[in-house]
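> One line per chain: the protein sequences are C and P, in this order.
Numbering-wise (the working numbering), the first sequence opens with residue 30 and increments by one.
Numbering-wise (the working numbering), the second sequence opens with residue 256 and increments by one.
Derived from the structure by calculation, the hints contain no laboratory data.
Glycine residues also receive a C-beta, built at the ideal position from the N, C-alpha and C atoms.
Don't take each hint at face value.
Claimed, not checked - Chain C is faced by these chain P residues, among others (derived, beta-carbon under 8 angstroms):
#, residue
1, 293
2, 516
3, 557
As the list claims (entries may be wrong) - Calculated Cβ distances over 10 angstroms to all of chain P for the following chain C residues:
#, residue
4, 33
5, 45
6, 48
7, 182
What the hints assert, rightly or not - Here are a few chain P residues that face chain C, going by a calculated C-beta distance under 10 angstroms:
#, residue
8, 329
9, 352
10, 389
11, 390
12, 394
13, 512
14, 548
15, 553
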Amino acid sequence: MTTGRARMLWLIAVLLSFLLPVIYRNPYHIEVVASAGLYAILALGLNIVVGLTGLLHLGYAAFFAIGAYTYALCNVHLGCPFWVGLLPATVVGGLCGMVLGIPAIRVRGDYLAIVTLGFGEIVRITFTNLERFTGGPNGLLGIDHPTLWIPGRGIYDFGVRSVPYYYVIVVVMWLVAVGCLRLSGSRIGRAWAAIREDELAASCSGINIARLKLVALGVAAAIAGLGGAIFAAKQGTITPDSFDFILSVMILAMVVLGGLGSVPGAMLGALVLGTLPELLRGFEQFRMLLFGLVMIIMMRARPQGLLGNVQIRRELLVRSDTA
Amino acid sequence: MSPWPLFCQQLVNGLTIGAIYALIAVGYTMVYGVIQLINFAHGEVFMVGAYLALTVCLLVGASHALTGIALVALCLVMAVVAMAGCGLLGWGIERVAYRPLRPRPDNCLTPVGASRDGHTPRLTALITAIGVSFFLQNAVMLVYGATDRRFPALVPPLRWEVGGATVTVLQVVIVATGTVLMIAVQGLVMGTKLGTAMRATAQDHKACWLLGIPVDRIIVITFILGSVLAAIGGILFGLYYNTINFHDGYLTGLKAFTAAVLGGIGNIPGAMVGGVVLGVLEGLGAGYLSSQWKNVFAFVVLVGLLLFKPTGLLGERVAERA
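Next up, chain P with everything else stripped away, as it sits in the complex (with noise of 0.2 angstroms):
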């Protein structure tokens, strides 16, 4: 056999799981764009929105392939699902979780307990999050189990021969999912009020509070952004893979992270990038080294890169503060 099939369906492979990681990127990037800070739960909110999905094929009794307008309801109303309660879940872990630790935009002396830099209020929202991302394992495991769940295969496993390596539907689907998600996101913050709001709220709370930009409204709406495309992702990773796990959230979200910061963290278009770049990496090292070690050439690569370009792909941001 020679070597390009595989090469190309290594590639299909990576491209296809390198697109969900990216709709989960761009969730980490947005919110540390405008707030500073990893929120280590939005891996629970993806696998959360994987588990709404089953909840509704559950609901409706689907678990086999469909076709045609059925498809397009059930992955539709599944859409909808997820992504409300998601957004609802980004909006409860900013009012929860992150709000009430953060200094207040209108507050010109910095409240005691907060470092100068502003370090303690980081680390304290760090572990709230940690907190939220424990509450929402649980929940989930006392709701559906621990055990692993079957997704069911709703999408026709139709497939085509191209270059040697094998395309299914759904490759194609998540693929241009993922896309046309990615160039929605990028024309909402770099053309639209809203998305200005964001990038000035990124740059200085303070300034955009004085000119009447409402940076806790901003804030929660990031949030919320951000936890519908990892709802997006949630479902298409059920769908990809057919098995969903309570602790799927921990690495996936983990990995989404490496992406993020690899793509440069707080730049969107780096987090695609990032996402596309680890998914294909990923699918290389398990095709040509050997798939045990895999996470490591994943992690290696990006401690590499970090070591020698540390603002990140396309990064222009330089995180000072620890």
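Chain C with its partners taken away, still in its complex shape (with noise of 0.2 angstroms):
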């Protein structure tokens, strides 16, 4: 899979990403890619659910919501700094992946993707209603922004600017996709895939379709959890309006105009439509109006995505060679 060429695009692309800031220096430019890259982090996680294991989910953004509350609200009542806070948001999100998981997974197919919109419809008008904890439908405000000790140096609070901020989640998006690639291929990866490809089948292998499948929700929502966790800070403040179904479905047009169950793929499909209102901004008004008929177009073009599983590829090949 990983060939000489492909080891050179991922360096090209790692280098590229960390050089940006320094040859490139409109940090309202830079904001646009971090928030891309933020994107990128979310659709690496929707990728495991969607694209790897099959099951069509549509409240993703809740996961996100619960991290971005879980690190805000344990940085303002409890004053929680950023880096710690990162590992409750994770693992409440993670936790919180798993236990809606429980029932959803007793349903299939299209059911599944609305159970998954209900729960995160509910998760959403939940912090809306919840005001003497979330602050309800005006949000929970002054979340500290993250300190740095550097040692000689003191202390360096990231404040309002773009450009720590862009490197924190370019270190976490490189460090999530290597741990989606390093899965996708291991023993977990490959069970992901039999349940995608049939699920019968996967169970007679001895595959426990019901644990594996909580997995990829636990995992996928840890991953949400920590980038929402990244928002909160990066916001200062979060609002319930910032979670709602149209996140989930904008996360998911990434990962599926980038290629279902691709890595490179997600990311890329991030990128592309993270920046795209920002490309299109020339266009003023229009740019929403463009924005959904390039999403038509591009989809048109090439339905099975800008990089096409390889896996899945393959095995399309083999089948309509027997065929």
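From the two separate chains plus the hints, produce the assembled complex.
The following block contains the structure:
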């Protein structure tokens, strides 16, 4: 899978992502790319559920929200610093993913999509209505920005600059990407692919379907929780409106556009859809209209996504040869 | 105050909004029936229907309650314009976002890019539908603005007291329109040649094609029919709430979709039952619990129902494809 050429492309992408703020000094554009990076983290997580395991999940933003609120509450009420807060956000996100997954995996196919959609809405409205804890529709304000203690230089406050957040996001994104790649080639990853391709055959081969689906949902939700904590720290304020159904759908669109099951695909999809509204800014009020059009055109031109999963493609070719 | 009038009032309100949900839900469920896809752009069709009706009102200059022949004539014109517009839109959506991604019925090899159970093209069509949805929302926003638009209260505010609850003429009209259209759709699907072709298409595209049923045309007719019903839903929604926004398609669409699933997706009487049940549950939830929790209530019922009876209230079909 990692041929010499693929390895070179990865290396170039990693180098480019780290050098971007040095080469290119427009802080606003760095900010845009940073949020695309945050989307990429989410897309990588959702790709585990939708792309690798084949479960259509429409409430993924809920776990992003849970992570964001977990960190924000820890920070505002307990004074928990950013780097420590990442842990509870990830853990709580993952646990919620599994707990909500236990009832959800009883249903299959489109019904799973609807149940997850329902959970997504329930979580968002619950955050809106629990005003005593979450500040209701006005959200939680005054979340601390991360700080970093640099030897000899004292404490560096991230503040509202975009570059430090950019680096945090890029580092987390590459770590998650490596994790996803390792996972997809592992025993667990192959079991996920087996579930996606044929659940019955997979269970006959001794795969514990329920447990592996829960692992997929849990890992994906933990990644979303981690992303949520970074988002909360970066924004300083979170409101339930940031985590609506549209966000779940956008992340799904990134995964599908990039190519289901493909790790680089999910990242590329996030980069394209994350920066597209900015690239279209010149069209002013027409940009979201064009955004919709571009989504249609891209999916029509490449139904399998920009970088279709190599494994799926191989399986398909074998199948059409024998058909 | 005894609890009975409150209950009746919430029941009446719930039935009214339930009739509107049911009209939209039928579109979701019919399309799902023939192509096993959730038409995410359907909520926007409903919203466009409401705006087309508003346009007619603005052109005619109607802004107050009308009576007699003028009211009937205006409602007819609104219905014709909105139905024609939305029907055209449904046709366009199918041609632009769905047909190009669907394997042709006469194609005996699954195209590369489609997994065996067809789940790649299914998700692809979901994304194009979302693209259409963004496009329509923003197109409407550009034409009519982002703020709430007032929809004229055309129907005179006559009301009766029934069992302690207040029933307006408009509520009666909405429920009656909904009922008549539902009976008509059920008659069309169960009693005509077109309906038979639709039900056959829902079962097996390839077999239909072999039997000479024009599968693509049947699918497009299904889209048009669903969109026409959504247009009526849009007009009734505008008349009932007197305010419309380009965002309305999203939440109302989501609820109508919930209603379709509640009744058993792919099942037309199910969509009607689901719409009414959801509307009534929402009305009662808003009346007895706090209204800010009413949406949670609707979704909790949905999730609970799906977990214990995954095929919906009346559904037989089990969706296996992810």
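> Run every hint past the structure and note whether it holds.
Structure-based check of each hint:
Of the supplied interface hints, the one on residue 293 (chain P) holds, with its beta-carbon coming within about 7 angstroms of a beta-carbon of chain C, less than 8 angstroms. For residue 516 (chain P), the interface hint holds, the least distance from its beta-carbon to any beta-carbon of chain C being 5 angstroms, beneath 8 angstroms. Interface hint at residue 557 (chain P): satisfied, since its Cβ lies 5 angstroms from the closest Cβ of chain C, which is below the 8 angstroms cut-off. For residue 33 (chain C), the shortest C-beta to C-beta distance to chain P comes to about 26 angstroms, beyond the 10 angstroms cut-off, and the non-interface label holds.
Listed as a non-interface residue, residue 45 (chain C) keeps its Cβ farther than 10 angstroms from every Cβ of chain P; the least gap is roughly 27 angstroms. At the 10 angstroms boundary, the C-beta of residue 48 (chain C) stays outside the reach of chain P, the nearest C-beta of that chain being 32 angstroms off. Its beta-carbon lying about 46 angstroms from the closest one in chain P, residue 182 (chain C) satisfies the requirement of being farther than 10 angstroms from that chain. Taken as an interface hint, residue 329 (chain P) does not check out: its beta carbon lies about 31 angstroms from the nearest beta carbon of chain C, beyond 10 angstroms.
With its C-beta approaching chain C no nearer than about 6 angstroms, residue 352 (chain P) sits inside the 10 angstroms limit, and its interface hint holds. Given hint, residue 389 (chain P) at the interface with chain C, holds; its Cβ is 3 angstroms from that chain's nearest Cβ, closer than 10 angstroms. Taken as an interface hint, residue 390 (chain P) checks out: its beta carbon lies about 3 angstroms from the nearest beta carbon of chain C, inside 10 angstroms. For residue 394 (chain P), the shortest C-beta to C-beta distance to chain C is roughly 6 angstroms, which falls under 10 angstroms, so the interface hint holds.
Because the beta carbon of residue 512 (chain P) sits about 8 angstroms from the nearest beta carbon in chain C, less than 10 angstroms, this interface hint is met. Evaluation of the residue 548 (chain P) hint against chain C yields a held restraint, the C-beta minimum of about 6 angstroms falling below 10 angstroms. The criterion of a C-beta within 10 angstroms of any C-beta in chain C is met by residue 553 (chain P), whose closest approach is roughly 9 angstroms, and the hint holds.
Hint 8 from the earlier list is the only one contradicted by this structure; the remaining hints agree with it.
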